[in-house]
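Just need the whole structure built from these sequences, with the hints factored in.
Going by this note's numbering, the residue at position 76 of the sequence shown is 949; the numbering climbs one at a time, nothing skipped.
Just so you know, the hints here were simulated from the structure itself, not pulled from any lab data. Source: prediction; values computed, not measured. Possibly wrong hints are sitting among the right ones.
Dumping the calculated BS3-like pairs for lysine-lysine here, alpha-carbon to alpha-carbon at most 27 Å [claimed, not checked]:
#1 878 - 957
#2 910 - 878
#3 957 - 1008
#4 912 - 878
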Amino acid sequence: QVTLKVNGSVLRAEQRAASTTAAINAAAEVLDRRIEKFKSRVYRSQRARHTPALGVQEAEEQVLPVTATEESTTLPDGELVRIKGFDMEPITVAEAAGQMRLLGHTFFMFLNAESGGYNLLYLRDDGDYGLIQPKSG
874 QVTLKVNGSV LRAEQRAAST TAAINAAAEV LDRRIEKFKS RVYRSQRARH TPALGVQEAE
934 EQVLPVTATE ESTTLPDGEL VRIKGFDMEP ITVAEAAGQM RLLGHTFFMF LNAESGGYNL
994 LYLRDDGDYG LIQPKSG
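If you want it as structure tokens, here you go:
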């Protein structure tokens, strides 16, 4: 797994191979494609707004191991072994989709700037997106 921080953006690639060199080369190819997507996205954003692009906001992550003293949860196929926490700034659905693509994830949890609620954006098998919004009350 390789993580790059570029102008406040996070770009990730994860590859597996028979040798370390092959895995690094494969991850580098993935990162090259993500960097090109990022550069074209920043360029389009700058042209559209005629202002400097700010890039994707980096999430400060805090990984907390689940210890024996905490209540552990047994799930159907395993146990909860790690909890990730991070701060969220409100962003639009379009910005969330951009961040999700740059990270190479198939889902992305975010604080929706339009609704003020937490949402989960996910990539569907057909290539489109789905959005999960909790109902209040």
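Next on the checklist: Hint check: residue 878 vs residue 957, CA-CA at most 27 Å. Holds or violated?
Outcome noted: holds (19 Å)
Checklist entry - Are the Cα atoms of residue 912 and residue 878 separated by 27 Å or less? => result Within the cut-off at roughly 14 Å; holds.
Checklist entry - Do the alpha carbons of residue 957 and residue 1008 lie within 27 Å of each other, as the hint requires? => result Given pair residue 957, residue 1008 holds - Cα atoms ~24 Å apart, limit 27 Å.
Next on the checklist: Check the hint pairing residue 910 with residue 878 against an upper bound of 27 Å on the C-alpha distance.
Outcome noted: holds (15 Å)
Checked against the numbered hints given earlier, this structure breaks none of them.
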